[in-house]
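In order, the protein sequence lines correspond to chains A and B.
Going by my numbering, the residue at position 58 of the first sequence is 58; the numbering climbs one at a time, nothing skipped.
Quick note: to get my numbering, add 1000 to the position in the second sequence (first position is 1).
For the record, the hints were derived by calculation from the structure and aren't laboratory data.
Some clues are possibly wrong.
As the list claims (entries may be wrong) - Not everything, but these chain B residues come out facing chain A in the computed CB check (under 7 Å):
(1) L1502
(2) S1510
(3) A1512
(4) T1516
(5) G1518
(6) S1520
As the list claims (entries may be wrong) - Estimated spans, in silico, between C-beta atoms of each pair:
(7) Y1289/B with R22/A: 17 to 23 Å
(8) Q95/A with G1166/B: 36 to 42 Å
(9) R1429/B with Q95/A: 23 to 29 Å
All C-beta atoms in this analysis are idealised placements derived from N, C-alpha and C, irrespective of residue type, glycine included.
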Amino acid sequence: MSAAVTPTAVTPALAADRVTVRFGGLVALNDVSVAVAPGTITGLVGPNGAGKSTLFGVLSGLRRPDAGAVHLAGVDVTARTPQDRSRTGLARSFQQPELFPLLTVREHLVLAYRSRHARSRLWQDLFLAGSLRRPPAGELARVDALLELLSLTDVAGQPACVLPLGTSRIVEVGRALATSPSVLLLDEPLSGLDVGEAERLATALRHVVDHEGLAMLLVEHDVAMVLSLSSFIYVLDFGAVIAGGTPADIRADAQVRAAYLGDADQLQTPEPGDAR
Amino acid sequence: MLQYVIAGLVIGGIYAIAAAGLTLTYASAGILNFSFGALAYFVARFFYWLHSQHHWGLLPSAVIALFAVGPLLGVLLYLVLFRMLQLASTLIKIVATLGVSVCVPPLATLLFGNVTIVEAPGLAPEPVSVYHVLGVPVTMDQIIDYGCVLAVVIVGFVVLRYTDVGLRVRAMVDSPAMTSLSGSSPALVSIGVWAASVFLAGLAGVLSAPIIGLDPTDYTLLMASAFAAVVAARLRNVPVAVVVGLVIGIAGSLVQHYLPPSSSFTAAVIPSIPFAVTVIFLVYHLVRYGRADETDGVGGALDRAILPHGGNRRAAFPSAGGPGARPPLHWPPAVLGIAVLCVAAFVLSSFWVGLLAEGAAYAIIFLAFTLVVGEGGMIWACEATFAGVGAVAAAQFATSHGWPVLAAVVAGGIIAVPMGVIIGMLTIRLGGLYVTLVTLMFGLLMDNLVFTRTIFTQNGIGVTMPSPGFATTSRALLFLGLGIFCAVSLLIVNIRRSTTGLALSAVRFSEAGSKTIGLSVLQMKVLVAGVAAFVAAVGGAILAMSQLSALPGNFATLGGIVWLAVLVTAGIRSNMAALTAGMMFTVLPGIVLEYLPASWGQVPPVLFGLGAILVAKNPDGWMAQQADQIRWLWRRVRGTRDVTARVAAGARGPLADAGPAGARPAAESAAPPRGLSEVQDR
Chain A
1 MSAAVTPTAV
11 TPALAADRVT
21 VRFGGLVALN
31 DVSVAVAPGT
41 ITGLVGPNGA
51 GKSTLFGVLS
61 GLRRPDAGAV
71 HLAGVDVTAR
81 TPQDRSRTGL
91 ARSFQQPELF
101 PLLTVREHLV
111 LAYRSRHARS
121 RLWQDLFLAG
131 SLRRPPAGEL
141 ARVDALLELL
151 SLTDVAGQPA
161 CVLPLGTSRI
171 VEVGRALATS
181 PSVLLLDEPL
191 SGLDVGEAER
201 LATALRHVVD
211 HEGLAMLLVE
221 HDVAMVLSLS
231 SFIYVLDFGA
241 VIAGGTPADI
251 RADAQVRAAY
261 LGDADQLQTP
271 EPGDAR
Chain B
1001 MLQYVIAGLV
1011 IGGIYAIAAA
1021 GLTLTYASAG
1031 ILNFSFGALA
1041 YFVARFFYWL
1051 HSQHHWGLLP
1061 SAVIALFAVG
1071 PLLGVLLYLV
1081 LFRMLQLAST
1091 LIKIVATLGV
1101 SVCVPPLATL
1111 LFGNVTIVEA
1121 PGLAPEPVSV
1131 YHVLGVPVTM
1141 DQIIDYGCVL
1151 AVVIVGFVVL
1161 RYTDVGLRVR
1171 AMVDSPAMTS
1181 LSGSSPALVS
1191 IGVWAASVFL
1201 AGLAGVLSAP
1211 IIGLDPTDYT
1221 LLMASAFAAV
1231 VAARLRNVPV
1241 AVVVGLVIGI
1251 AGSLVQHYLP
1261 PSSSFTAAVI
1271 PSIPFAVTVI
1281 FLVYHLVRYG
1291 RADETDGVGG
1301 ALDRAILPHG
1311 GNRRAAFPSA
1321 GGPGARPPLH
1331 WPPAVLGIAV
1341 LCVAAFVLSS
1351 FWVGLLAEGA
1361 AYAIIFLAFT
1371 LVVGEGGMIW
1381 ACEATFAGVG
1391 AVAAAQFATS
1401 HGWPVLAAVV
1411 AGGIIAVPMG
1421 VIIGMLTIRL
1431 GGLYVTLVTL
1441 MFGLLMDNLV
1451 FTRTIFTQNG
1461 IGVTMPSPGF
1471 ATTSRALLFL
1481 GLGIFCAVSL
1491 LIVNIRRSTT
1501 GLALSAVRFS
1511 EAGSKTIGLS
1521 VLQMKVLVAG
1531 VAAFVAAVGG
1541 AILAMSQLSA
1551 LPGNFATLGG
1561 IVWLAVLVTA
1571 GIRSNMAALT
1581 AGMMFTVLPG
1591 IVLEYLPASW
1601 GQVPPVLFGL
1611 GAILVAKNPD
1621 GWMAQQADQI
1631 RWLWRRVRGT
1641 RDVTARVAAG
1651 ARGPLADAGP
1661 AGARPAAESA
1671 APPRGLSEVQ
1681 DR
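Start from the sequences and build out the full structure, keeping to the hints where you can.
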């Protein structure tokens, strides 16, 4: 891992190291290195087609890179499956919410919690009356706390298919958080949310980062929001990292301004919510 | 050798025509037509009716059967059924077409009379002339067969490649949504495609008649071989399907040439060819493309977006009102149902109690489907095989080896477990439709290789299956069956309400979503498959008990598919539906037998078939529908009081929140709620 792109000296919670992905002749990611420090929000911005979602796929394990490596807390996980990475503490959300339509919001969180904390229940589930036992106190507390934090308590009993898009996104974030991840990848969590929802979610995200010390990588179109939330930001364009630095660095970067030619105003206005 | 190639081309040509018809509708309509064999039989039977029974001339009979009845049947089926299936889930598509295949043969018997047909003529004038080509005798029937294959290939190629109609069909294969947006009517194109496909079915049927006679089962078996060619073509590539169909025919013929004709090994190899072809090509697809999934390469982006659940293959179930994530416990109706049966055991005559005991055994087998299809989301077509394995094994242990009966039943169940687990492991990475096809082929293979052995068939009487000492009467047997049914039901309820059950339904809904929270249900699914095999085997042994002997013929795979159809008609995710379906399956024919004239004997299978077809309209099954309506009525009866109480207490009901569901309570009084209310009321 080259020191130049590492924002801090500590071992990053998640790092992509010189990752290259090709789709036929098209190079979607070219030698991209990013690092996410523990306990911080790292932003990832870039115009459409810059390779943000591809990078997300590589980091979460849904896509195998043609070259390069992915490290989770210093361990090379390039060859590991998404399930495996999830169990070692990596969670993500999707641009299009991937919820389970007929499971309730609470069940989404319960399932995610158990997939991390109460594994290997195959035989118990089949042959013991496991379903009749009360859920452990830790599970109840954690799930209730998350529902509360994300203002989902009111819809906890509803199946996901009746939720509006904004709420669906928040449920996805909640499901990811319920696995108690050490790293959380969020793919445009704020798109489709109204201003109020977006601000509430942003507050909740900052809260979990501050209180639980998890690392977060945030892809978001709303550049102003990313600048205000993140402590370190990478800018991708045409599959390559064209800049990396603090919000102030990014605002001052000429290359970034060129990539975001029409969006130069956005870079100037750090107040969250203004851009919508 | 040449004569074997020539002979192989005859049956291969029929496979090729059938495979072309099957891929055509799959590629353009997304429906693999499991009723293809039955439709082929219907047209062939109609041709026989006109030509042999009513002595019409060969040409008019052939023209009417092939060019009028076949295509019209296709159009009719499209209008009443296939049209509604396009956005349905894989399970519903399979079951609805299975319903047609259950329905059509008895309908043909009702329409054309129940006559024993020893020999059926083909399209060649009788007596059939024989020519000698390169020293090999070739009949006129065979020459017509080759001619038809050639004509189908050439006409198909020209139409698809060079005509406007062909362009529209190809556009629809690529993207139905875009086709309709660019001004072509997919409905018209679909009508044409279905007419063509059933025309091909009829052609294959009429060509097969001189070779295999006129038994509906043989037609379905013949088409099962065509399925192998369809798998090889990845369900969509018509030319590959045609070529592989021809090759399968020639391979079968060559095997007969090179292997000793009367050895049991040869007899075992020939029926294994379609299964072997299927496995070889699936392995090839897996190695070459990394996966074998029927949704690969389906449609354009727009089509994928409008497919149910974004085209996710694990979503084998409909969402709106579909079999819910976790249906509620139906304690009152379940207890009531069992109580009624217990009372009936003391009230009814031994004839009816015997039928009920048999029905309870079927209900246990049906629970295996509930487990593997309803919970596991794997549409297996070979549970009847496991039931048969349990039955014959238990009978062997109990009768030939003198084991205690219950120990023999358990042992029979244990034998089925590794089979279920192995098939589960082999098919776990396949798409839903491929799983169905592989398990279907496996079941047919077991029918041919294992269940035909004399040690099991005992020349048609089967091995005696004794009952345990405490259950020698039908009544005691009914109680035994009900007891086992209840035990298995509790197991299923337990799974449904557990983390594993939650995880299984999560994976059915969104694979990507479940991967990222670290769910891997591969192990669970394989385990569920193993448990289901055990349940099916135990049910099979109990069924053999109530029938007094283990007759392998009662556990034929095609019969098992009828079981699945009957169960889905009642409801695939409800234990009570399994019980009702089991009872219906034996009691309904009993009623017809007892109270109606003998000519009505074909009515129950027609009803079972129609029921399965109606699943297209009501994917939950009618049990769930009835339950919803009763619950709705119940809520109406006490509705007013309830709502006021809630408001007074200031309690927020599960439906009283903001969002689209907020309007629900008001809507409830207007229309019966479906599906969702079940989940919420839990």
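Structure-based check of all given hints:
no.: 1; hint: L1502; verdict: holds, 5 Å
no.: 2; hint: S1510; verdict: holds, 5 Å
no.: 3; hint: A1512; verdict: holds, 5 Å
no.: 4; hint: T1516; verdict: holds, 5 Å
no.: 5; hint: G1518; verdict: holds, 3 Å
no.: 6; hint: S1520; verdict: holds, 5 Å
no.: 7; hint: Y1289/B with R22/A: 17 to 23 Å; verdict: holds, 19 Å
no.: 8; hint: Q95/A with G1166/B: 36 to 42 Å; verdict: holds, 38 Å
no.: 9; hint: R1429/B with Q95/A: 23 to 29 Å; verdict: holds, 26 Å
In summary, this structure violates none of the numbered hints.
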